[in-house]
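Based on the provided sequences and hints, a complete structural model is requested.
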Amino acid sequence: MTPIITIANLSKTYASGHAALKRVDLDVREGEIFALLGPNGAGKTTLISIICGIVTPSAGTVTVGGHDILAAPRAARRLIGLVPQELTADAFETVWATVSFSRGLFGLKADPAHIERILRDLSLWEKRDAKIMTLSGGMKRRVLIAKALSHEPRILFLDEPTAGVDVALRQDMWRLVRRLREQGVTVILTTHYIEEAEEMADRVGVIAKGEIVLVEEKAELMRKLGRKELTLLLHDPLPALPPALAGHPLALSQDGTVLTYTYDAKAERTGITGLLTDLAASGIRFRDLQTRQSSLEDIFVDLVKDRA
Amino acid sequence: MNWPAIRAIYGFEMHRAFRTLLQSIVAPVISTSLYFVVFGAAIGGRMTSVDGVPYGAFIVPGLIMLTLLTQSIANASFGIYFPRFSGTIYEILSAPISAVEIVAGYVGAAATKSIMLGLIILATSALFVPLRIEHPFVMVLFLVLTAVTFSLFGFVIGLWADGFEKLQLVPLLIVTPLTFLGGSFYSIDMLPPVWRTVSLINPVVYLISGFRWSFYGHSDVNPAVSLGMAVVFLVVCLAAVARIFKTGYRLKS
Numbered sequence: 003m004t005p006i007i008t009i010a011n012l013s014k015t016y017a018s019g020h021a022a023l024k025r026v027d028l029d030v031r032e033g034e035i036f037a038l039l040g041p042n043g044a045g046k047t048t049l050i051s052i053i054c055g056i057v058t059p060s061a062g063t064v065t066v067g068g069h070d071i072l073a074a075p076r077a078a079r080r081l082i083g084l085v086p087q088e089l090t091a092d093a094f095e096t097v098w099a100t101v102s103f104s105r106g107l108f109g110l111k112a113d114p115a116h117i118e119r120i121l122r123d124l125s126l127w128e129k130r131d132a133k134i135m136t137l138s139g140g141m142k143r144r145v146l147i148a149k150a151l152s153h154e155p156r157i158l159f160l161d162e163p164t165a166g167v168d169v170a171l172r173q174d175m176w177r178l179v180r181r182l183r184e185q186g187v188t189v190i191l192t193t194h195y196i197e198e199a200e201e202m203a204d205r206v207g208v209i210a211k212g213e214i215v216l217v218e219e220k221a222e223l224m225r226k227l228g229r230k231e232l233t234l235l236l237h238d239p240l241p242a243l244p245p246a247l248a249g250h251p252l253a254l255s256q257d258g259t260v261l262t263y264t265y266d267a268k269a270e271r272t273g274i275t276g277l278l279t280d281l282a283a284s285g286i287r288f289r290d291l292q293t294r295q296s297s298l299e300d301i302f303v304d305l306v307k308d309r310a
Numbered sequence: 067m068n069w070p071a072i073r074a075i076y077g078f079e080m081h082r083a084f085r086t087l088l089q090s091i092v093a094p095v096i097s098t099s100l101y102f103v104v105f106g107a108a109i110g111g112r113m114t115s116v117d118g119v120p121y122g123a124f125i126v127p128g129l130i131m132l133t134l135l136t137q138s139i140a141n142a143s144f145g146i147y148f149p150r151f152s153g154t155i156y157e158i159l160s161a162p163i164s165a166v167e168i169v170a171g172y173v174g175a176a177a178t179k180s181i182m183l184g185l186i187i188l189a190t191s192a193l194f195v196p197l198r199i200e201h202p203f204v205m206v207l208f209l210v211l212t213a214v215t216f217s218l219f220g221f222v223i224g225l226w227a228d229g230f231e232k233l234q235l236v237p238l239l240i241v242t243p244l245t246f247l248g249g250s251f252y253s254i255d256m257l258p259p260v261w262r263t264v265s266l267i268n269p270v271v272y273l274i275s276g277f278r279w280s281f282y283g284h285s286d287v288n289p290a291v292s293l294g295m296a297v298v299f300l301v302v303c304l305a306a307v308a309r310i311f312k313t314g315y316r317l318k319s
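Line by line, the protein sequences are chains E and X.
The C-terminal residue of the first sequence carries number 310 in the numbering used here, and the numbering is unbroken.
The C-terminal residue of the second sequence carries number 319 in the numbering used here, and the numbering is unbroken.
Keep in mind that the hints are not guaranteed to be accurate.
[Stated by the list, open to error] With a Cα cut of at most 27 Å, we get these calculated BS3-like pairs of lysine-lysine:
id, chain 1, residue 1, chain 2, residue 2
1, E, Lys142, X, Lys318
2, E, Lys24, E, Lys230
3, E, Lys220, E, Lys307
4, E, Lys211, X, Lys232
5, E, Lys230, E, Lys220
6, E, Lys24, X, Lys318
7, E, Lys142, E, Lys211
8, E, Lys211, E, Lys24
9, E, Lys142, E, Lys111
10, X, Lys232, E, Lys24
11, E, Lys142, E, Lys129
12, E, Lys230, E, Lys307
Calculated directly from the structure, the hints in this document are not laboratory data.
Structural data, given as structure tokens:
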């Protein structure tokens with residue numbers, strides 16, 4: 003699939019000397035949901051801000067829909083809707099006015115029907131005449147999303163969309179993002195909540211200390227890097243691990259009833275057959291067993307730890 | 067040209083003025099009316115006319131200029147400072163909109179508001195003193211030039227300021243003194259020769275003098291020179307704004 007955003011060799015060093023991005027290369031495909039995952043201060047917001055034209059890059063190029071962001075900023079920016087991390091909105095304006103303002107700012111003719119549809123989708127219709135300062139934090143977040151969608155963007159950036167957001171809004175937001183994707187909108191979200199990336203994304207990019215550490219299909223990432231745990235519930239408690247099993251990476255629970263075996267799911271030999279044979283030889287019987295794939299969170303912690 | 071964007075910013079700013087009608091329109095009109103009452107009626111009655119113009123009428127162009135300068139700066143500086151302060155500037159920066167369009171929206175609205183104020187004060191003053199306008203076209207030209215120039219200047223201040231105090235600093239420390247010393251309430255011909263020469267380095271002298279000429283046909287300096295200076299100030303402010311957008315000063319890191 004053709005990339006809708008192409009980032010090549012992008013660097014940003016702020017006037018303070020802080021190198022927020024270091025030679026970043028990244029392609030985002032049209033129509034996908036891309037999650038940019040990284041701890042606070044990793045460079046996520048800087049990267050988004052450069053693509054959207056809020057921060058000037060120090061080096062490198064970005065093209066959006068084939069338009070270079072510096073050479074053809076208008077064409078590039080028209081395609082983009084941005085929902086910023088901070089809840090910044092014109093406190094004294096009404097919801098309707100501020101959302102209509104955004105549409106005008108992006109050069110589109112007024113379209114009350116479109117604005118109404120967005121406000122209804124985001125459960126803001128009842129609040130359309132309310133001043134923004136009277137709204138709750140979650141409602142303000144919805145207003146920012148409505149502003150970004152008011153000009154019918156082909157690419158939507160959600161910078162930390164669910165930071166400080168309640169469950170209802172989070173689920174609304176996820177529904178909305180899926181619907182947008184069905185309409186062909188490319189969605190790029192940054193998050194440090196793993197479950198968000200895991201739940202939503204088609205692909206995941208991990209960023210740490212200004213560098214893209216890895217970009218992978220989410221499923222592939224979880225398969226490739228996932229460690230698995232095999233948990234055995236023992237029939238009779240064991241006082242200690244028998245010496246015959248010492249060769250296996252095993253952990254015994256305190257009460258002696260649960261054995262946990264950790265293995266690399268991507269390895270050619272997982273060692274499970276050997277383990278089971280040895281267990282049988284030692285006369286250890288088990289009532290039940292289960293395996294668990296480690297989550298993106300575990301993968302992520304591993305990756306970021308390695309860079310530190 | 068992204069016309070809808072200019073219209074959006076302009077409309078937003080004008081709406082802000084009408085939302086805050088009391089501060090933005092009523093207050094300046096009341097404070098200027100006080101000048102008429104004090105200088106025009108109370109003191110002016112005991113003063114001789116200046117260049118054949120009754121004192122109360124003589125100060126009208128200067129008072130309109132005073133309002134025009136301070137309100138243009140206040141409107142434009144606040145207009146761009148507040149989005150920077152609140153963070154909503156992100157949307158302006160990420161929109162498909164050029165520096166020219168941003169300036170047209172903000173400065174256009176600020177200038178419109180101060181011209182409206184100037185006209186309201188002109189109408190109010192007609193209630194207190196006998197007015198005549200000999201060169202209405204030139205009068206409007208000065209009104210517009212000054213409003214646009216000082217709105218641009220205010221825009222620069224709004225970008226430069228990094229706190230609400232600084233927004234007040236330039237108007238209070240520089241613009242108000244220059245206006246008072248620029249002949250709002252007197253003709254610089256009344257000054258001793260040395261001070262008359264010193265006054266000529268005050269840019270506001272040219273604006274007030276030229277503006278007054280459009281009313282009564284008398285001026286401290288040649289009206290053509292005044293007009294020339296007004297255009298020079300406009301160009302200087304335009305250049306400053308252009309430079310700011312080129313370098314991204316205080317807007318982009």
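These are the hints, each one checked on the structure:
1. Lys142/E with Lys318/X: Since the Cα atoms of Lys142/E and Lys318/X sit roughly 25 Å apart, the hinted pair holds (cutoff 27 Å).
2. Lys24/E with Lys230/E: violated, 33 Å
3. Lys220/E with Lys307/E: Holds, because 20 Å separates the two Cα atoms, which is no more than 27 Å.
4. Lys211/E with Lys232/X: The given pair, whose Cα atoms are some 36 Å apart, is violated under the 27 Å limit.
5. Lys230/E with Lys220/E: holds, 16 Å
6. Lys24/E with Lys318/X: holds, 19 Å
7. Lys142/E with Lys211/E: The hint is violated at about 30 Å.
8. Lys211/E with Lys24/E: The given pair, whose Cα atoms are some 8 Å apart, holds under the 27 Å limit.
9. Lys142/E with Lys111/E: holds, 24 Å
10. Lys232/X with Lys24/E: violated, 36 Å
11. Lys142/E with Lys129/E: holds, 11 Å
12. Lys230/E with Lys307/E: holds, 19 Å
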